[in-house]
Amino acid sequence: MKFPPMAIVSILHRITGVVIFLGLPLALYLLDQSLQSPARFLDIQAFLAIPLIKFTAWVLLIAVAYHFLAGLRHMIMDCGFGEHLRTARITAYLIICVSMMAAIFLGVWLW
1 MKFPPMAIVS
11 ILHRITGVVI
21 FLGLPLALYL
31 LDQSLQSPAR
41 FLDIQAFLAI
51 PLIKFTAWVL
61 LIAVAYHFLA
71 GLRHMIMDCG
81 FGEHLRTARI
91 TAYLIICVSM
101 MAAIFLGVWL
111 W
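Letter 49 of the sequence shown, counting from 1, is numbered 49 in the working numbering, and no numbers are missing.
Misleading hints may appear alongside valid ones.
[Said to hold, decoys possible] Here are the in silico distance ranges between beta carbons for each label pair: (1) 75 with 48: 31 to 37 Å; (2) 26 with 2: 20 to 26 Å; (3) 101 with 42: 28 to 34 Å; (4) 56 with 3: 26 to 32 Å; (5) 42 with 3: 43 to 49 Å; (6) 32 with 5: 38 to 44 Å; (7) 46 with 85: 47 to 53 Å; (8) 52 with 75: 30 to 36 Å.
Hints are computed from structural coordinates only; laboratory data are not their basis. Every residue gets a Cβ at the ideal spot worked out from N, C-alpha and C, and that includes glycine.
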């Protein structure tokens, strides 16, 4: 089954919202622990250097970036811009492409 790009962007927006919702408690816990003392900060820094944890952080950052971009697109469309089929399709592809570039950038930045 082939979905139009607008549907893919919308579905991924919902999925990334769930990923952010599930990942935010862990991120806030790590932030809280890192602010406790310099020794805890170094412990958290070492924890975040583990490849699986680094990958998880990368996925969470990608989810935040994608969710922000797709949400911005939705808000612009709510204001009445980009509601035509052609424009909606172009902006959907644009969100997908920019998100892929953000994923690459974030991967390079983390590693």
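* Do residue 56 and residue 3 keep their Cβ atoms within the hinted range of 26 to 32 Å? -> 27 Å, holds
* Asked: Holds or violated: 38 to 44 Å for the Cβ distance of residue 32 and residue 5?
  -> At roughly 39 Å between Cβ atoms, residue 5 and residue 32 fall inside 38 to 44 Å, so the hint holds.
* Does the Cβ-Cβ separation between residue 52 and residue 75 fall within 30 to 36 Å? -> Holds, since residue 52 and residue 75 (Cβ atoms, about 35 Å apart) stay within the stated range.
* Could one say that the CB atoms of residue 101 and residue 42 fall in the range 28 to 34 Å? -> 33 Å, holds
* **CB-CB spacing for residue 48 and residue 75 relative to the 31 to 37 Å hint** => 32 Å, holds
* Asked: Quick one: are residue 26 and residue 2 within 20 to 26 Å, going by C-beta?
  -> 35 Å, violated
* C-beta pair residue 42, residue 3: status relative to the range 43 to 49 Å that was hinted -> 46 Å, holds
* For the range 47 to 53 Å, tell me whether the beta carbons of residue 46 and residue 85 fit it or not. => 51 Å, holds
In this structure, only the earlier hint numbered 2 is contradicted, and the remaining ones agree with it.
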